[in-house]
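Engineer: Letter by letter, the chains look like this.
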Amino acid sequence: MTTQKRRRGLPRVEREEVTGKLLVIEGTDGVGRSTQISMLVPWIETHGHAVVLTGWNRSLLVSKLITSAKEGTLLNKVTYTLLYATDFADRLERVVIPALKAGMVVIADRYVGTAFARAGVREVDHEWMRELYSFAPKPDLTIYMRLDVDELLPRTLDRTRLNYWESGMDQHMGEDIHDSFIQYQGRLVQNYDEMAKEFGWHVVDARRTTEHTQVEIRRAVGELLGIPSERVHDRLKPLTALVDEEG
Amino acid sequence: MSAGSLVLNPLHSPHRYPGVLIVVEGIDGSGKSTQLKLLRRHLEAEGVGFKFTEWNSSELVKDTMKMGKKKNLLTPTTFSLLHATDFADRYYYEILPALKAGMVVLADRYVYTAFARDSVRGVEHAWVRNLYRFAAKPDLALYFKVPIDVSIDRLTSARANIKYHEAGMDLGLATNVIDSFRIFQGRVLDEYERITEEFGLQVVDAQMSIQRQQDIVRQFADKSIAAKSVRRVKA
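Taken in sequence, the protein lines are chains A and B. Quick note, the first sequence lines up with residues 1 to 247 if you use the working numbering. Quick note, the second sequence lines up with residues 1001 to 1235 if you use the working numbering.
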């Protein structure tokens, strides 16, 4: 857990105050983050670590506003970006930082990477974005579940139907929602790929079976938390989802 | 548009839109809103088309802000981000289109209010300046400078009570609203001093008579407007 030296938007978090671990799961919509997290949490807890979950657009303060604003055409790319930053800051101050100080494992279903990827596709100023989120503590481990867009589409359709925002329809990228989805998600994947290199993310190939992917994630997490590697195959059955879908 | 295409910080270089951006700044009780209201009458009489916009007034975040304040959910950072969202909403749907249409924009508070208040709440200077980096530099930014005691006198005589956040009661500076206001707004005044220098705000002595101040305001405004070809409406 490393923290900002300078005082940013948020009050500074002193390194010595923080004994917990921040674990981030990144990836586009539909790669199976929620399923993986629901399998990972009981495994970590079995090894004696308290776990706290946080996820995109789950803040007390603005999640309802974001959801309702996205139903209409109220948002432009700057207000869209700022509202998600508000959601992020609220969860950070209310959930993430207190839990880290209490020595817990915080699992963030999406983190700054998602904000940067979405802003990147929308051509929001790069430096502005980076500075905006400069208060975010650096994760101890970021796992990036990677799937190409041609594999993502059938998976998304298997789970649900195409959605306006997940297809980037606000960006007028294609003839129809299918083309827009391909364009938009494809560019998101590009953005994630670049960040994976820049930030040294642990990349997991999400084409494999759920169980295989889980084992791979557990290996990385186990190393971080000091859980013996022979335990990664324990109880691989997915439990009922503990995690809501994000907005 | 946007945060999208910024190379230089527009807050430090003149904008190229045909319209004129006039903003008023100052602590609560400085009399800036009164002065802006009188300036509106002047522009109406002169047949100058204008768009009026006010700090923290967008419908987008109104309910959230109200709920956040009431339930005490806001931290300095989320307070700052919600104000920035309010501003961005008004900026892209009101301020920028009016400037592009060659209108005069009258803004009751602008980004400098955020710079002053958020800094006092403990948010980093550089961070909050970056937050508003998409905003155009005003053609005229008037800062109504007033001693803290004068503003307290005005507020306690004119209004029934000073609002919780206006007094910075969220910072726990004092248990009494007036004491808290004095400390909080005193610090805001110090920040405005720095900002005035940093951004070249035009200082108006807010202890002068209302008429005298308005004469000065109109002189400055007329000069800024004359420098551009703003849209005139039939008087």
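What the hints contain is simulated information worked out from the structure, not anything from laboratory work. Please read all numbers here as calculations on a predicted model, not as lab measurements. Wrong hints could be hidden among the right ones.
Stated by the list, open to error - Lysine-lysine pairs mimicking DSBU-like chemistry, simulated, CA-CA at most 35 Å apart:
| id | chain 1 | residue 1 | chain 2 | residue 2 |
| --- | --- | --- | --- | --- |
| 1 | B | 1051 | B | 1100 |
| 2 | B | 1066 | A | 197 |
| 3 | B | 1223 | A | 70 |
| 4 | A | 70 | B | 1051 |
| 5 | B | 1100 | A | 101 |
| 6 | A | 64 | B | 1070 |
| 7 | B | 1163 | B | 1228 |
| 8 | A | 138 | B | 1100 |
| 9 | B | 1062 | A | 70 |
| 10 | B | 1100 | B | 1071 |
| 11 | B | 1163 | B | 1145 |
| 12 | B | 1062 | A | 64 |
| 13 | B | 1051 | A | 197 |
| 14 | A | 138 | B | 1051 |
| 15 | B | 1066 | A | 101 |
| 16 | A | 101 | A | 138 |
| 17 | B | 1051 | B | 1062 |
| 18 | A | 197 | B | 1145 |
| 19 | B | 1071 | A | 101 |
| 20 | A | 70 | B | 1145 |
| 21 | B | 1145 | A | 64 |
| 22 | B | 1037 | A | 138 |
| 23 | B | 1071 | A | 64 |
| 24 | B | 1037 | B | 1062 |
| 25 | A | 70 | B | 1228 |
| 26 | A | 197 | B | 1062 |
| 27 | B | 1100 | B | 1062 |
Stated by the list, open to error - Taking CB as the label site, the calculated pair distances span:
| id | chain 1 | residue 1 | chain 2 | residue 2 | range |
| --- | --- | --- | --- | --- | --- |
| 28 | B | 1093 | A | 197 | 53 to 59 Å |
| 29 | B | 1013 | A | 210 | 52 to 58 Å |
| 30 | A | 160 | B | 1042 | 41 to 47 Å |
| 31 | B | 1049 | A | 174 | 55 to 61 Å |
| 32 | B | 1194 | A | 210 | 35 to 41 Å |
From the three backbone atoms N, C-alpha and C, an ideal C-beta is built for every residue, glycine too.
Engineer: Each hint needs a verdict: does it hold in this structure or not?
Structural biologist: Hint by hint, here is what the structure shows:
1. B:1051 <-> B:1100: holds, 12 Å
2. B:1066 <-> A:197: violated, 42 Å
3. B:1223 <-> A:70: Violated, because 43 Å separates the two Cα atoms, which is more than 35 Å.
4. A:70 <-> B:1051: Judged against 35 Å, a Cα distance of about 27 Å means the pair holds.
5. B:1100 <-> A:101: violated, 49 Å
6. A:64 <-> B:1070: holds, 17 Å
7. B:1163 <-> B:1228: Given pair residue 1163 of chain B, residue 1228 of chain B is violated - Cα atoms ~39 Å apart, limit 35 Å.
8. A:138 <-> B:1100: With a Cα-Cα distance of about 41 Å, the restraint between residue 138 of chain A and residue 1100 of chain B is violated, given a limit of 35 Å.
9. B:1062 <-> A:70: At roughly 16 Å apart (the allowed maximum being 35 Å), residue 70 of chain A and residue 1062 of chain B satisfy the hint.
10. B:1100 <-> B:1071: The hint is violated at about 39 Å.
11. B:1163 <-> B:1145: holds, 20 Å
12. B:1062 <-> A:64: Holds, at about 13 Å.
13. B:1051 <-> A:197: Status violated; Cα separation ~47 Å.
14. A:138 <-> B:1051: violated, 43 Å
15. B:1066 <-> A:101: holds, 30 Å
16. A:101 <-> A:138: The given pair, whose Cα atoms are some 14 Å apart, holds under the 35 Å limit.
17. B:1051 <-> B:1062: holds, 20 Å
18. A:197 <-> B:1145: Violated, at roughly 51 Å.
19. B:1071 <-> A:101: Holds, at about 25 Å.
20. A:70 <-> B:1145: violated, 41 Å
21. B:1145 <-> A:64: Answer violated: residue 1145 of chain B to residue 64 of chain A is near 40 Å, above 35 Å.
22. B:1037 <-> A:138: violated, 48 Å
23. B:1071 <-> A:64: The hint holds at about 16 Å.
24. B:1037 <-> B:1062: holds, 23 Å
25. A:70 <-> B:1228: violated, 38 Å
26. A:197 <-> B:1062: Measuring from Cα to Cα gives roughly 40 Å; hence the hint is violated.
27. B:1100 <-> B:1062: holds, 26 Å
28. B:1093 <-> A:197: 53 to 59 Å: violated, 38 Å
29. B:1013 <-> A:210: 52 to 58 Å: holds, 54 Å
30. A:160 <-> B:1042: 41 to 47 Å: Distance hint for residue 160 of chain A, residue 1042 of chain B is violated at roughly 58 Å.
31. B:1049 <-> A:174: 55 to 61 Å: violated, 40 Å
32. B:1194 <-> A:210: 35 to 41 Å: violated, 56 Å
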